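Peer 1: Chains as they are written, first to last, in the working numbering: chain F, 1 to 358; chain P, 1 to 308; chain G, 1 to 569.
Derived from the structure by calculation, the hints contain no laboratory data.
It should be emphasised that the depicted structure is a prediction, and the values quoted were computed from it without experimental measurement.
Backbone N, C-alpha and C define an ideal beta-carbon position, used for all residues, glycine too.
Please note: incorrect hints may appear among the correct ones.
Selected chain G positions facing chain F (Cβ under 7 Å, derived; list incomplete) [claimed, not checked]:
1. 32
2. 125
3. 128
4. 201
5. 205
6. 209
7. 233
8. 242
9. 243
10. 443
11. 481
12. 484
Below, computed lysine to any residue pairings styled on SDA-like, alpha-carbon distance capped at 20 Å [unchecked claim]:
13. G:447 <-> G:412
14. G:111 <-> G:81
15. G:111 <-> G:141
16. G:447 <-> F:41
17. G:447 <-> F:260
18. G:447 <-> F:42
19. G:142 <-> G:98
20. G:111 <-> G:97
21. G:111 <-> G:172
22. G:111 <-> G:98
23. G:447 <-> F:250
24. G:447 <-> F:40
25. G:447 <-> F:255
26. F:273 <-> F:255
27. G:447 <-> P:165
28. P:194 <-> P:220
29. G:111 <-> G:64
30. F:3 <-> F:21
31. F:273 <-> F:250
32. G:447 <-> F:58
33. P:194 <-> F:250
34. G:447 <-> P:166
35. G:447 <-> G:343
If we take Cβ atoms under 7 Å as the criterion, some of the chain G residues that face chain P in the derived model are [what the hints assert, rightly or not]:
36. 421
37. 422
38. 439
39. 440
40. 506
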Amino acid sequence: MVKYVVRRLLQSIPILFGITLLSYLLMTAAPGGPVAALAFDPRISAAERQRLEARLGVNDPWLVQYLRWLIGDDWMRRDTDGDGIADTAILIPLDANGDGVPEPPGERRGVLRGDFGISFTHRRPVLDVLFERVPATLELSISALLIGASVGITIGVLAAVRRGSIFDNLTRVLAVVFDAIPGFWLGLMLILLLGSQLGLLPMQGRCRVTMDDSCPPVYQRIEYLILPTFILSTGLIAGYSRFTRASMLDVMGEDYMRTARAKGLRERVVWFKHGARNALIPIATFLGPALTGLLGGAVITETVFSWPGVGREAIAAVSQRNYPVVMAVTVYAALATIIGYLISDILYGIIDPRIRLE
Amino acid sequence: MTTAAPSPSARLSVIDLELSARRRRESLMARGLRRLRRDRLTLVALSILFILAMLSVFAPVITGAMGIDPNATNPTQGFLPIGSPGNLLGTDKIGRDQFARILHAGRVSLGIGFFGALFSLTIGTTFGVMAGYWGGAFDDIMNWIITTLDSIPSLFILVILSSALRPSAEVLILIVSLIGWTGATRLMRGQTLKLKNMDYILSARAMGASALRIMFVHIVPNIFSYTALALAGGIGGLILTESGLSFLGLGVQPPTATWGNMLTDAQQMFRRGPHLVFVPGLMIFVTVLCLYIIGDGLRDAFDPKTED
Amino acid sequence: MLLLTALVMPASAQETLGAGEGAPIIYPNFGGDPTTFNPLLVNDGGSSAVVARIFPAFIGIDPFTGAFVPGAAGAIASDWTISEDGRTYTFTIRDDWTWSDGTPFTSMDIKYAYDAIVSGQINTPLASAVVTVESVEAPDPKTVVITFVAPTCTAINVASSIPPIPSHVFTELFGTDYAQMNDSPWNLAPTVTADAFDFGNFRPGEQVTLVANQNYADAQLGYVVPQGWIMRMLASQTVEVEEFLAGNLTIIPSVPEDRQAELEALADAGEIQMHKGPSAGWQFLSFNLADPTNPRNGLDADGSPIDQGNHPIFGDVRVRQAFAMSIDHAALNAGAFAGTGFPVAGPILPQSWAYPDSVQPWPYDPEAAAALLDEAGWIDHDNNPATPRIAQGALYADDGTRLSFTLTTFSGNPSVDASTLIMQDQLRATGFDMQLEIIEFQAMVEKFLNQEFDAAVLFFGLDPQNPDEFTDLFTPAGDVVGAGFNVSSYNNPRATELLELARTVPDCDTEVRKAYYEEFQQIIHDDLPWFFINVSIVPSVARGDLVNFAPTEYSLYWNIDAWSYQLTR
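Kindly generate the complete structure, drawing on both the sequences and the hints.
Peer 2: Below is the structure:
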């Protein structure tokens, strides 16, 4: 098992590498750059914009930029005589904006040496920006996953048991009904109805507005979680219920079910003890994709509810061309997904002894 | 998911095998249709979708016959309510007829969903069957590419691609196909692996049939039913994706109407024109719901394993 | 103008509360977190809103006249004198007020700021603002001497852009290694401030909290009423209005156009307070006068003009004028701006001291437009006004060229979408074929600055009281591909000269300057490098029970320290 995990993790290294290369290429290919986003103001002169460009290093070819991101630039532009002014440069020009003064020596050490860089907009280490957002996203994803799985599986099993009945048809429709509405629109409508018209739930954010710097533990502010969790779990409910229902119907044809029935066991026992148990095995594989889906879906949900999570920061970073943050989020999401798939494979092995991980 | 084991007589000749495979398929098809006829929910969904699709396909003919230009502005006639004379579904902020725009938007939204899902499946089937049949280095490389792409949340790639490529409807179809093909490839690869060692394929190979012939004459038709199912599910998902991208400001840009961007634009005006929020939302909802129900119904009907 | 009339509802007959007894002022923000609270580095709306509440100004304005005055509330310059030659300004620093740690303000607080700005080491947007400054000296702790390169009438505007910073803290933290300031943690947790509020805390993605500073010397009532000021991060304008109506926001500084009528009704009913003033920004259309396929700078390295080619359609001023006369502002206003807009003649806005009444917006006159197009060699060859005209003897287009061009603008703004669509229909009637290219903002900005468009619609505003800021927009100095804002490649030597003249009037006589700006406005109006589509009235609203909400035409927040309403709960 340990061997398997290690091998899987080793395999994921080239995958991660591919992801970052691809993302960097796409991101820098997008029209517009961080300088226009940071300094689109007629009061800022052209020379000033060029200086900012040089300082951020965004006028280098994308491959050089990628290298800087990956392994840093402290070896690209160096100060060899110790006077604090750069005098040697490879790959990048010594004087990037052509003002006759060399740019300061490179300070970035690159991702491979644990340096994710400085966010263009926040002027803070990227990992600080990212990690202060992670708890909020986890809070939302986990509650959505819990609700989605429990409600979805229940509906799926019940629908399969009563296949073809009115109940089946009703739950088949109900399970997907909320998932068939665009999330941003459903979110806004619920904010308007439950938040604004009826005043039952808060409309925005994660904590009460307070003068002090405190956000109470999650169980004291469940009301803030209700709407975003609901929106985020609709897709999961739909997915889980349909998957479970199909899986149950699959299991139904198996010999052991006939045997159980032949033994004279009560129908309910047959269904739940023998059927559901086996039907749930494939659902473990659903965890990985569910995690990825949550991270993606959270972008819109977090935006609608002004939830201070990673997804909202990610979309802001893309629109501001904040390359270091975009890259960090990409790596974070990819890691989360790879680990998600790994966990679901391991779970699969644990639940179903017939499958051996090697 | 495996079909029943081939009968011993099937080993006699490829022709026999093919015949029996075809017969089995036909009986599955017949049984599926019979089941489908009894599934009223799916039938209702199919009818609604058919009507919506026809309205969208013939949108220019219909609005042309009514003498309405979906893009003609009329600033003094903004926010007319549903049922206004001459404007069946009212008008938007700048006086464009909402009925005409909904029909034309449906063309784009359904078009993105249908062609996006179709292209994903075509790419996915091609690569999936090749990877599954050939295995080896080709399979390994495909696997690596797919795992890489699948490890980035798709909405995230969508956002990056859409800001890089400025989507029109056509570009958006391309983008969603580029992202959607991985799932289809996985599915088709799995099905091919199952079929590849079936006797009739082995015999075909023994008879000297070329790899391409085996793949596209013997395998692809046999996994056709999965393709149809994936298509139904895919269209609904893509219609939602299109609206989500519009919400993030990265979808198809005006003046081209889609249900997604009509809904996004209307958000801020929900007090002055509630019908502008309601109608496109309802269209997306009904369409996607129908597609989901159809997908489920088709799977039920054509799944060889489920009992009657 | 009638539109400028302030509409202030009488606040309910509540008593003003005592020091720190009022509920916190809750202020909405969307479109991203503030990024820095360092006044030298601030470059976005959210950050500026916070900085304005916790840092003083160098020179302040009178909220009732909009003019810079010595000793204005919240500013540290108590007085200044001007040298004979008009180049040297000597400022005196107040001594009746201190930084939040008790350290008095000194002249170093200005000198350090200036030195950091011009060092080229910090990411500041202010460097361009102070290019006309030759030196800033601090001969003694209470005297700042600013010398300008040449006598200039915008000296006080320029000086006021230098923000006072706590130099005793900055010296200790950064010394003269200004580059360290860029990524300093101090920027998001300023320890020493000086205004009506002190910095409290910042929860990214959620809120910024400021607490009342009862040592604020310029408090209107002698003390600060609200216990604090909170900026909340919200998702959208739709939610912003809902949160306000639910009582969760104290004010909305600018009400979205589509909700104005609704809020106005509430204000009329006395449930909320509303203040109306014109926006400082225009929605405008830039024509590209040069060849868009080969954008070049306006001037070469020696400052001589470069031949930039001509735009086949918009190179001819008559076509631009015909364009302007094809636009019916009344219809645009009804359809796109919810009736809140008004047309303007040129860049100088009605709320500016320099605004000339004499220059009027282009009238809507399709017949005159058609005649002008005929004269310019763009003819209606098939006698069908709805089809595009074609060139026959036009100045810069080959015969047979269609009168067809692309309008580039940014996505996500409903007013921009609506107005461009209506304009498209209006222009069709005079024979223009306008194709729309609505793209993501960053992509649009790139195309705009690179001068690769036919016509482009954008929205922004400058300081209405300082028309000198138009220099980068309408003179060859700003015609720098990829970086300057004279994207039209407009070059009228007289317009350039007028800005120069108005900046250097001896004694800076207001009437003389105004005359120069009047001629400037007339030239821009006639030459039409930019067509000013619309300016909107943008109301701000406040809670009905907010006492002392009394915005002036020039300042919404001048007495924010006296704003008072009861804490509920």
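Peer 1: Each of the hints needs a verdict: does it hold here or not?
Peer 2: Each hint tested on the structure:
At about 5 Å, the closest approach between the beta carbon of residue 32 of chain G and any beta carbon in chain F falls short of 7 Å, and the interface hint on this residue holds. The beta carbon of residue 125 of chain G is positioned within 7 Å of a beta carbon in chain F (closest approach about 5 Å), and the interface hint is therefore held. Given hint, residue 128 of chain G at the interface with chain F, holds; its Cβ is 4 Å from that chain's nearest Cβ, closer than 7 Å. Contact between residue 201 of chain G and chain F, as hinted, is supported at the beta carbon level, the nearest pair being about 4 Å apart and thus within 7 Å.
Below 7 Å, beta-carbon pairs count as interface contacts, and residue 205 of chain G has one with chain F at about 3 Å; its hint therefore holds. At about 6 Å, the closest approach between the beta carbon of residue 209 of chain G and any beta carbon in chain F falls short of 7 Å, and the interface hint on this residue holds. A cut of 7 Å between beta carbons decides the hint on residue 233 of chain G: the least distance to chain F is about 6 Å, and the hint holds. Given hint, residue 242 of chain G at the interface with chain F, holds; its Cβ is 4 Å from that chain's nearest Cβ, closer than 7 Å.
Hint on residue 243 of chain G holds. Least Cβ distance to chain F is approximately 6 Å, under the 7 Å limit. Hint status for residue 443 of chain G: holds, given a least beta-carbon distance of 4 Å to chain F, under 7 Å. Against a cut-off of 7 Å between C-beta atoms, the interface hint on residue 481 of chain G is violated, since the closest Cβ of chain F lies about 9 Å away. Interface restraint check: residue 484 of chain G against chain F, minimum CB-CB distance 5 Å, threshold 7 Å, status holds.
Restraint check for residue 447 of chain G and residue 412 of chain G: the C-alpha separation of about 17 Å stays at or below 20 Å, so the hint holds. Taken as a hint, the residue 111 of chain G and residue 81 of chain G pair is honoured in the structure, with Cα atoms around 18 Å apart against an allowance of 20 Å. For the hint pairing residue 111 of chain G with residue 141 of chain G, the CA-to-CA distance comes to about 11 Å; that is within 20 Å, so the pair holds. Pair hint residue 447 of chain G plus residue 41 of chain F holds up; C-alpha atoms about 15 Å apart against a cutoff of 20 Å.
Only pairs whose Cα atoms come within 20 Å are accepted, and residue 447 of chain G paired with residue 260 of chain F is rejected, the gap being roughly 71 Å. A hinted pair counts as satisfied when its Cα atoms are at most 20 Å apart, and residue 447 of chain G with residue 42 of chain F qualifies at roughly 15 Å. With a CA separation close to 13 Å, the supplied pair residue 142 of chain G and residue 98 of chain G stays within the 20 Å bound. A distance of roughly 19 Å separates the Cα atoms of residue 111 of chain G and residue 97 of chain G; the hinted pair therefore holds under the 20 Å criterion.
A C-alpha spacing of about 15 Å is found between residue 111 of chain G and residue 172 of chain G, which places the hinted pair at or below 20 Å, so the restraint holds. For the proposed pair residue 111 of chain G and residue 98 of chain G, the alpha carbon gap of about 17 Å is at most 20 Å, so the pair holds. For the hint pairing residue 447 of chain G with residue 250 of chain F, the CA-to-CA distance comes to about 57 Å; that exceeds 20 Å, so the pair is violated. The hinted pair formed by residue 447 of chain G and residue 40 of chain F meets the criterion: a straight-line CA distance of about 13 Å does not exceed 20 Å.
Restraint check for residue 447 of chain G and residue 255 of chain F: not satisfied, since their Cα atoms lie roughly 67 Å apart, outside the 20 Å limit. Between residue 273 of chain F and residue 255 of chain F the alpha-carbon distance is near 15 Å, which keeps this suggested pair within the 20 Å criterion. Straight-line distance between C-alpha atoms of residue 447 of chain G and residue 165 of chain P comes to about 14 Å, which keeps the hinted pair within the 20 Å bound. The suggested pairing of residue 194 of chain P with residue 220 of chain P holds, with an alpha-carbon distance near 12 Å, which does not exceed 20 Å.
Taken as a hint, the residue 111 of chain G and residue 64 of chain G pair is broken in the structure, with Cα atoms around 30 Å apart against an allowance of 20 Å. Restraint check for residue 3 of chain F and residue 21 of chain F: not satisfied, since their Cα atoms lie roughly 28 Å apart, outside the 20 Å limit. With a CA separation close to 15 Å, the supplied pair residue 273 of chain F and residue 250 of chain F stays within the 20 Å bound. Between residue 447 of chain G and residue 58 of chain F the CA atoms are separated by roughly 18 Å; this keeps the pair inside 20 Å, and the hint holds.
A distance of roughly 17 Å separates the Cα atoms of residue 194 of chain P and residue 250 of chain F; the hinted pair therefore holds under the 20 Å criterion. Using a Cα cut-off of 20 Å, the hinted pair residue 447 of chain G and residue 166 of chain P holds, with the two alpha carbons roughly 13 Å apart. Note on residue 447 of chain G and residue 343 of chain G: the hinted pairing is violated, with a Cα-Cα distance of about 26 Å set against a maximum of 20 Å. Because the closest C-beta pair between residue 421 of chain G and chain P is about 6 Å apart, less than 7 Å, the hint holds.
Checking residue 422 of chain G against chain P: minimum C-beta separation of about 5 Å stays under 7 Å; hint holds. Checking residue 439 of chain G against chain P by beta carbon gives a least distance of about 5 Å; that is within 7 Å, so the hint holds. Because the beta carbon of residue 440 of chain G sits about 5 Å from the nearest beta carbon in chain P, less than 7 Å, this interface hint is met. The beta carbon of residue 506 of chain G is not positioned within 7 Å of any beta carbon in chain P (closest approach about 50 Å), and the interface hint is therefore violated.
In summary, the structure is inconsistent with hints 11, 17, 23, 25, 29, 30, 35 and 40 from the numbered list given earlier, while agreeing with the others.
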